[in-house]
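Start from the sequences and build out the full structure, keeping to the hints where you can.
In order, the protein sequence lines correspond to chains A and B.
For the record, in the first sequence the residue sitting at position 302 is 301 according to numbering that gives the first Met the number 0, with numbers rising by one throughout.
For the record, in the second sequence the residue sitting at position 102 is 101 according to numbering that gives the first Met the number 0, with numbers rising by one throughout.
Bear in mind the hints are in silico, worked out from the structure with no lab data behind them.
Everything hinted at is true.
To spell it out: a stretch of chain B is covered by chain A in this simulated footprint if at least three of its residues, at any positions, have a beta carbon under 8 Å from a beta carbon of chain A; those stretches are: (1) 216–223; (2) 327–339.
For lysine-lysine, the following DSSO-like pairs were computed, each having C-alpha atoms within a straight-line distance of at most 30 Å: (3) B:205 with A:165; (4) B:272 with A:387; (5) A:231 with B:321; (6) A:379 with B:272; (7) A:335 with A:311; (8) A:165 with B:542; (9) B:272 with A:370; (10) A:103 with B:542; (11) A:234 with B:321.
Even glycine gets a Cβ: it sits at the ideal position worked out from N, Cα and C.
Okay, here's what each chain looks like letter by letter:
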Amino acid sequence: MNEHIRIIHTADLHIGTQNYGKTDPTTGLHTRLLDFLKTFDELIDHAIDNEIDIVLICGDIFKSREPDVTQQREFAKRIKRLSQEGIVVYIVIGNHDLHNASGKATSVEIYDIVGLQGIYIKRRPGVDIINTKRGKIQLVALPYVTSANLTCEGMSIEEISLEMRKKLNDLTERLAAEIDNTLPAVLASHYSLIGADSGSEKGIMLGREVTLPVSMFERSEYNYVAMGHIHKHQKLGNDPPVVYSGSLDRVDFSEENEDKGFVELFVKKGEALYNFVKLSTRPFKTIFVDASSGDPFNKSIQAIEEIDDLSKTIVKLRVSLEISTLHNLNESELYKLLRQNSFYVAGIEKIFNRDTSHLRHPGLTERMDAKQALSEYISKKEDYSKIKSDLLRENEHILDEINTEAKNEAD
Amino acid sequence: MKGTILRGSLSGGFDIRLDIGEEIEKIKVGTFCMVEGKIYDFLAMVMDEDIEAANPKAIYETSHTSPLLNEIVQGTGILDKVKIQPMLAIDHEDGRVMPVKSIPSHLSKVREAQENDVFVVFGKPDNINFHIGYPLDMEHIPICINLERFIERSNGIFGKSGTGKTFYTRIMLCGMIKSGLCNTLVFDMHSEYGWEGKDEDKTRKKAKGLKQLFGAEVAIFTLDPESSRRRGVRPDFVVEIPYRSIDAEDIAMVWEELNLNQTALEVIYVLQKHFAADWLFKFLNMPASEIMSFAEDTGSHAGALQALQRKLVKLQRLPFIKENPVDDAVERIMQYIDNGMNVVLEFGHQRSMLAYMLVANILTRRIHELYVMRSEKALSNETITNTPLVIVIEEAHKFLNRETGRQSIFGMIAREMRKNNVTLLVVDQRPSEIDPEVLSQLGTKIIALLTEEKDIDSVLSGANHARMLKNVLATLDTKQQALILGHAVPMPVVIRTRTYGEDFYSDMQNMNRKMSGLKGNVSRNTIGSGQNVQGKDFEDLLKELYGT
Numbered sequence: 000m001n002e003h004i005r006i007i008h009t010a011d012l013h014i015g016t017q018n019y020g021k022t023d024p025t026t027g028l029h030t031r032l033l034d035f036l037k038t039f040d041e042l043i044d045h046a047i048d049n050e051i052d053i054v055l056i057c058g059d060i061f062k063s064r065e066p067d068v069t070q071q072r073e074f075a076k077r078i079k080r081l082s083q084e085g086i087v088v089y090i091v092i093g094n095h096d097l098h099n100a101s102g103k104a105t106s107v108e109i110y111d112i113v114g115l116q117g118i119y120i121k122r123r124p125g126v127d128i129i130n131t132k133r134g135k136i137q138l139v140a141l142p143y144v145t146s147a148n149l150t151c152e153g154m155s156i157e158e159i160s161l162e163m164r165k166k167l168n169d170l171t172e173r174l175a176a177e178i179d180n181t182l183p184a185v186l187a188s189h190y191s192l193i194g195a196d197s198g199s200e201k202g203i204m205l206g207r208e209v210t211l212p213v214s215m216f217e218r219s220e221y222n223y224v225a226m227g228h229i230h231k232h233q234k235l236g237n238d239p240p241v242v243y244s245g246s247l248d249r250v251d252f253s254e255e256n257e258d259k260g261f262v263e264l265f266v267k268k269g270e271a272l273y274n275f276v277k278l279s280t281r282p283f284k285t286i287f288v289d290a291s292s293g294d295p296f297n298k299s300i301q302a303i304e305e306i307d308d309l310s311k312t313i314v315k316l317r318v319s320l321e322i323s324t325l326h327n328l329n330e331s332e333l334y335k336l337l338r339q340n341s342f343y344v345a346g347i348e349k350i351f352n353r354d355t356s357h358l359r360h361p362g363l364t365e366r367m368d369a370k371q372a373l374s375e376y377i378s379k380k381e382d383y384s385k386i387k388s389d390l391l392r393e394n395e396h397i398l399d400e401i402n403t404e405a406k407n408e409a410d
Numbered sequence: 000m001k002g003t004i005l006r007g008s009l010s011g012g013f014d015i016r017l018d019i020g021e022e023i024e025k026i027k028v029g030t031f032c033m034v035e036g037k038i039y040d041f042l043a044m045v046m047d048e049d050i051e052a053a054n055p056k057a058i059y060e061t062s063h064t065s066p067l068l069n070e071i072v073q074g075t076g077i078l079d080k081v082k083i084q085p086m087l088a089i090d091h092e093d094g095r096v097m098p099v100k101s102i103p104s105h106l107s108k109v110r111e112a113q114e115n116d117v118f119v120v121f122g123k124p125d126n127i128n129f130h131i132g133y134p135l136d137m138e139h140i141p142i143c144i145n146l147e148r149f150i151e152r153s154n155g156i157f158g159k160s161g162t163g164k165t166f167y168t169r170i171m172l173c174g175m176i177k178s179g180l181c182n183t184l185v186f187d188m189h190s191e192y193g194w195e196g197k198d199e200d201k202t203r204k205k206a207k208g209l210k211q212l213f214g215a216e217v218a219i220f221t222l223d224p225e226s227s228r229r230r231g232v233r234p235d236f237v238v239e240i241p242y243r244s245i246d247a248e249d250i251a252m253v254w255e256e257l258n259l260n261q262t263a264l265e266v267i268y269v270l271q272k273h274f275a276a277d278w279l280f281k282f283l284n285m286p287a288s289e290i291m292s293f294a295e296d297t298g299s300h301a302g303a304l305q306a307l308q309r310k311l312v313k314l315q316r317l318p319f320i321k322e323n324p325v326d327d328a329v330e331r332i333m334q335y336i337d338n339g340m341n342v343v344l345e346f347g348h349q350r351s352m353l354a355y356m357l358v359a360n361i362l363t364r365r366i367h368e369l370y371v372m373r374s375e376k377a378l379s380n381e382t383i384t385n386t387p388l389v390i391v392i393e394e395a396h397k398f399l400n401r402e403t404g405r406q407s408i409f410g411m412i413a414r415e416m417r418k419n420n421v422t423l424l425v426v427d428q429r430p431s432e433i434d435p436e437v438l439s440q441l442g443t444k445i446i447a448l449l450t451e452e453k454d455i456d457s458v459l460s461g462a463n464h465a466r467m468l469k470n471v472l473a474t475l476d477t478k479q480q481a482l483i484l485g486h487a488v489p490m491p492v493v494i495r496t497r498t499y500g501e502d503f504y505s506d507m508q509n510m511n512r513k514m515s516g517l518k519g520n521v522s523r524n525t526i527g528s529g530q531n532v533q534g535k536d537f538e539d540l541l542k543e544l545y546g547t
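This is the structure we're talking about:
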């Protein structure tokens, strides 16, 4: 068959993320859970409408490694729907799915036990040959490894992650050796690659987890490398493309300007075409108000009202102001206004400008020499502006005199 | 070798009278011996040999036609004399190693140095004491170089071409990477460090590159992705240099390659002042009419500007210089280094001196800036660690010559030593052309055979016993022999370097740290290149990483 096999590449669903939301009064569910499920539904609709063969989920299904039963049920419904449509679901385990205790099940392992048709849960690396109606394809899984398995006494976190990198490198070499070159191959994995722009989770992860070089994945055995773990959609390698699909929903405000969606991939032997499909994800918006001069309250109201439609948006107000004008900022009124206009209010952030008003000459610093300091001083005194050059010249004379005197004394 | 002290002085070394029956032909210049004194043992090196007669007449009265007479006078009337230079004294009581401040008395015994003597001085091989070679003719005794001290200063590897500089550099890089004490950044002009390179010995297989030995600890960046891929390398990143990052200083560095004169350099500074960071791109695309008006506005010479434009077109022909590169190479290099990786930048077909110097200079300048900032931060905040970085440059005399060396970033790094945690490892065949001030700042020098008088003088300038070492240097083999002196070794030493082959590879890949994973007894040898290993090992690896 010479048709492209159609794959959806997604990752980091993080179902169960519950920040910036409230309980929905009609269902009793958290609004963020509903948001996340809605976007996932959009993806599933797209898959069914476009006769997708495989949905590839590169890790992190749930937020918690022990998701509650409601989250489980909702995800199960959707898996069932895909399965009924004859779409293969290939899930590679990510860090959020894994338990630290090696004996405990991952949050999605249940599907393996039940043995649903066409559902793959990959907790261990391996190559699967998948038979789609458009032909055969190899899917190669390289799931996340917890450092717990390698930890031993006396090793620093850095040493462990270096050690893990070495071993994973060996593993990728061997996985690549198992690839059948007559079939197309896609690698699915869940790691941080060095050089990836990590967006929001950066602060939490830095230095604590293993990071891998792109060259470990960018190898000619594969037609496409599907990555998860980093929430920002991006491409790192070219040949083959090494792509993060990005997450489906925003987790916090650092992602407010990122497009969210999934990657649609068309693969056949020797060819991989892909494009990013944007989803209508719940928007986040930070409203900046620069009130370093003027009334912060009025300026804030003005800024909020300037924006057309916030009714679906999670908003945050960030006001930069002088500490002296803080009493004018009527926060409860602002909250009221924001609540009326937006979907959810994340908060009001106040940034205080450094107050230099008590200094007589804020421009003067100890780093200046006598000449610089004088000219700075003169520039602030309008009376002196006319005789500035004379003053500076005189200053130079005086400095010279002082210098020669000092020298004479030293001699 | 057995003998006794005949005479000597602290400054001039000792003469050894060989015991009767010892064969002088077996003793080679550069070997180690121990002088057993009453309070100290002295570790010394053989510097010279000669024949002396108690009575000069004896030399002429003997003849090869009377073997009996010869045997009688041999060792009594006519002496085989070995000249040695004491290098270090070892206290009998506490085993302390110290500089020589006294001499052993007459008739003190002299013997060949043993393994333990060498260990006391150079240390036993471990992660910090890196086994680099053997003393001459004592190939059972490993000699180590102290890597902690090595990376504290900038270092040099010198030697005529064809003496194995690349191999010494490879061996040192391996040691540094394995120790994990520092990160390395290699400007690999001939693309011979990262991936397998040519071995001069045709009977051996290709020499393995760092990436093949250390796998995930080494990343290969390239300026010429085509060439890299043709050689089977999977580069991590393709480096592109934006026009904006080319500074007047960078151009000044390559004035020779671009054939620029002093006026041209001055014009460049004017241009940069005028157009700021965009100067080069704007200037290269400036039509003739604009050049005229620019010349008028700034008071520069129109002819000089036009000539400069013609000369700078050479830069446009470098394919890696782009107007808007996708990613910032410096940032990417730093990300890899911060993640504990070592970066080899391959030049592929871009191996002209112009490309090499320009790229090395631009990248190093910015990386150095970053390290300066970091070390300042580290001063104020103790939790920030700043892992030292060692930058390897080849053809170093081009960067560090008398004209440009002083102002260039490389000259600066060499001079400031470890202050900002960046040091250089310079590789060069013409040390005499390197600025003497820079040369004198190099901590440790690994010197292979040099024949040019000027070169020998310049590498040895400032060294103790320079005159004697000169003798040693001139008698080195062309292969696998080097003199090491400076900060990282307690005394100058001639070694036969280790062979860069299978034994060395397995030593490098063998982890000396005992890991205890879930399963304690799985094989610890990493496979690195990952060839022909399947079955059981694969299962073990899976168990180790993913549990049972």
